[in-house]
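**Q** One line per chain: the protein sequences are A and B, in this order.
Numbering-wise, the first sequence is residues 1 to 317 according to the working numbering.
Numbering-wise, the second sequence is residues 1 to 189 according to the working numbering.
Don't read these hints as lab results, they were simulated from the structure.
Cβ coordinates follow ideal geometry from the N, Cα and C atoms, glycine included.
Honestly, I wouldn't trust all of these hints.
Among the chain A residues that face chain B by a calculated CB cut under 8 Å, a handful are [as the list claims (entries may be wrong)]:
#1 ASP94
#2 GLY98
#3 ASP171
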Amino acid sequence: MNWKPGAGIGQIQARAALLCKLRQFFAERGILEVETPLLCDSGATDPAIEPLMVERGASLHRPRYLQTSPEYAMKRLLAAYGEPIFQIGKAFRDGEAGTRHNPEFTLLEWYRPGFGQHQLMDEVADLVRLCLGERPLQKRSYRQLFLESLGIDPFTASIGELEAVAREHLDPGPLSGDRNLWLDLLMSHSIEPQLAVLGMCFVYDYPASQAALSCLVPVDDVIVGQRFELYVDGVELANGYFELTDADEQRQRFEQDNLRRREYWLSERPLDERLLAAMSHGLPSCSGVALGVDRLLMLVTGALDIREVLAFDWERS
Amino acid sequence: MANYSTNEFRSGLKVMLDGDPCSILDNEFVKPGKGQAFNRVKLRNLKTGRQWERTFKSGETLEGADVMECTMEYLYTDGEFWCFMEPDTFEQHQADARAVGDAYLWLKEQDRCEVTLYNGAPLSVAPPNFVELEVVETDPGLKGDTASGGTKPAKLSTGAVVKVPLFLSQGEVIRIDTRTGEYQGRASK
Numbered sequence: 001m002n003w004k005p006g007a008g009i010g011q012i013q014a015r016a017a018l019l020c021k022l023r024q025f026f027a028e029r030g031i032l033e034v035e036t037p038l039l040c041d042s043g044a045t046d047p048a049i050e051p052l053m054v055e056r057g058a059s060l061h062r063p064r065y066l067q068t069s070p071e072y073a074m075k076r077l078l079a080a081y082g083e084p085i086f087q088i089g090k091a092f093r094d095g096e097a098g099t100r101h102n103p104e105f106t107l108l109e110w111y112r113p114g115f116g117q118h119q120l121m122d123e124v125a126d127l128v129r130l131c132l133g134e135r136p137l138q139k140r141s142y143r144q145l146f147l148e149s150l151g152i153d154p155f156t157a158s159i160g161e162l163e164a165v166a167r168e169h170l171d172p173g174p175l176s177g178d179r180n181l182w183l184d185l186l187m188s189h190s191i192e193p194q195l196a197v198l199g200m201c202f203v204y205d206y207p208a209s210q211a212a213l214s215c216l217v218p219v220d221d222v223i224v225g226q227r228f229e230l231y232v233d234g235v236e237l238a239n240g241y242f243e244l245t246d247a248d249e250q251r252q253r254f255e256q257d258n259l260r261r262r263e264y265w266l267s268e269r270p271l272d273e274r275l276l277a278a279m280s281h282g283l284p285s286c287s288g289v290a291l292g293v294d295r296l297l298m299l300v301t302g303a304l305d306i307r308e309v310l311a312f313d314w315e316r317s
Numbered sequence: 001m002a003n004y005s006t007n008e009f010r011s012g013l014k015v016m017l018d019g020d021p022c023s024i025l026d027n028e029f030v031k032p033g034k035g036q037a038f039n040r041v042k043l044r045n046l047k048t049g050r051q052w053e054r055t056f057k058s059g060e061t062l063e064g065a066d067v068m069e070c071t072m073e074y075l076y077t078d079g080e081f082w083c084f085m086e087p088d089t090f091e092q093h094q095a096d097a098r099a100v101g102d103a104y105l106w107l108k109e110q111d112r113c114e115v116t117l118y119n120g121a122p123l124s125v126a127p128p129n130f131v132e133l134e135v136v137e138t139d140p141g142l143k144g145d146t147a148s149g150g151t152k153p154a155k156l157s158t159g160a161v162v163k164v165p166l167f168l169s170q171g172e173v174i175r176i177d178t179r180t181g182e183y184q185g186r187a188s189k
C-alpha cells in the first residue's frame, strides 16, 4: 500500500510558511478572515465548471454541492457587513486533473469594497511580490494581447476567422464550437505560453461573452467585462472582477448560463436565490479576486507539477 | 474495441484517429479557470511514425486500436517479406517493407525484435537496441592504430554501412547501437 505523501517535507514547510505570509499580508491591511460553508445548497451556473456533489446523509434534504469557489457566500457577507474580507479554503471542481489541476484545491479569495479592477490588480501584484520577490509588472488588455500575439481582434473577428487562426497554429481536428471555444483555445494554447516571458502579466477587459460575474462597460467601440486574470511565468494564477452588483442583471447572467448549459447538454443549475436576495438588498461596489494557492506554492518552490506541492493529491487521497 | 475518454488517455494507450492506429505519448489537461477544458495530446501515428499534437475537447472519446506489441524471433527474408515467429506459439508473421522500414539494416536471424501487430498483422518492427553483426567490407585494418580516433566506413552483413575505428578488419564481428547506428565495440566472443 502506498501510504506516503507525494510532497516532501520541504514542500509541506513551504506551504505552512506561505499560508502564514498570506494571513499576515491581509492582517496588515485590515482585511478580515472569514469562513463560509464547503457544502452548499446551490452551485455555480458557469457552464465550464462542474461541481462534485454529496448525495447521501441524514442531514441532507437534497444533494449539496461542494463549493467550486466561495464567491456567492462571501458576497452575502459583503452585502450584510460591507467589510473587506478574505478566505483561504478548499474548493472542488469535477474532472479537473493534470499538472496544474487537482479536483480538490486551495483557493484564496478576497473582496475590496470601493476598489476598481486596476486598484485590486495592484494589490494582487503586491501580494505576489511578497511571495515571489520583485518582478516586473505588465498589463495587457485582452484585445491588445490578441492583436499583438495573433494579429486578430477578439471582439470583431468572425467565428470563422478565429477558427482559421487556431488551425494555422494548432491541430484541433474536427473540433467545432461557439466563439468562446475558439477564444479559449487560442488563449490557452497560443497566447498563454507566450506570456511566460512577461513575468507577472495581468490580462484585463474581457469580451462580454467571457465577463462571468464582472461589470460590463463600453471601452472604445466595444463592451468589455471588467475582469482580469493574472499570469505569472505563464501560469494562470488569479481571476478577478470589478463585481457586478445589479441583482436583475445577475439573474439574467445565471439564466444565460443555464441556457448555455442546455446547449452543451449539461444539467441546469438551480439559481442561488440567497445570493440574488442579498444583491437586491445591496452589494457594495467592490472588486474581488480568487487566487490558486497550490499554483502560487508551485511558483514559490519551482515545482512543475501540482502533485509535488500537495501532501496527498487526488490519486493518494 | 472499447472507447476511451480524454481523461483515460495515458502514455502508451493505442487509439484510432483519422482511420490510423496511434499511440498516445503525452496528455496535458488545459483549462482556463473560466473557460472550456481541453486536452492537448501528443500522439504518434503507428503507420507513418509521424508525431504531432492534437487538441480535443475534454470528455471526447476515441476508439481503442487493436494494437499489440510482441517480442518475436526474426527468421529470414525472401527480399519481399520478412518473416518473424512468436517464440511461444511458433506462429509466423510476414512483415512487408513498409512495416520493416529501416529496421532491415539491423535484422539478424534469431535475434529478438519488438513487432507491433495491428489487427493481427505486423505494422512496425523495432530491432534490439544492440546487435552484433559481421563486417563484410572495409579498408584493411591499420594494426595497432587504437589511439588516433580516426574512422572509416564498414559494410555489415545486413548491408548497413557504419563508421568504425581504423584498426578493424573484414570478418570481425562488432556491436552496434541500432538507435543511433553507432559502433560500440568488438563483439564479445
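**Q** Would you mind marking each hint as holding or not holding in the structure?
**A** Now the hints, each set against the structure:
no., hint, verdict
1, ASP94, "11 Å, violated"
2, GLY98, "3 Å, holds"
3, ASP171, "5 Å, holds"
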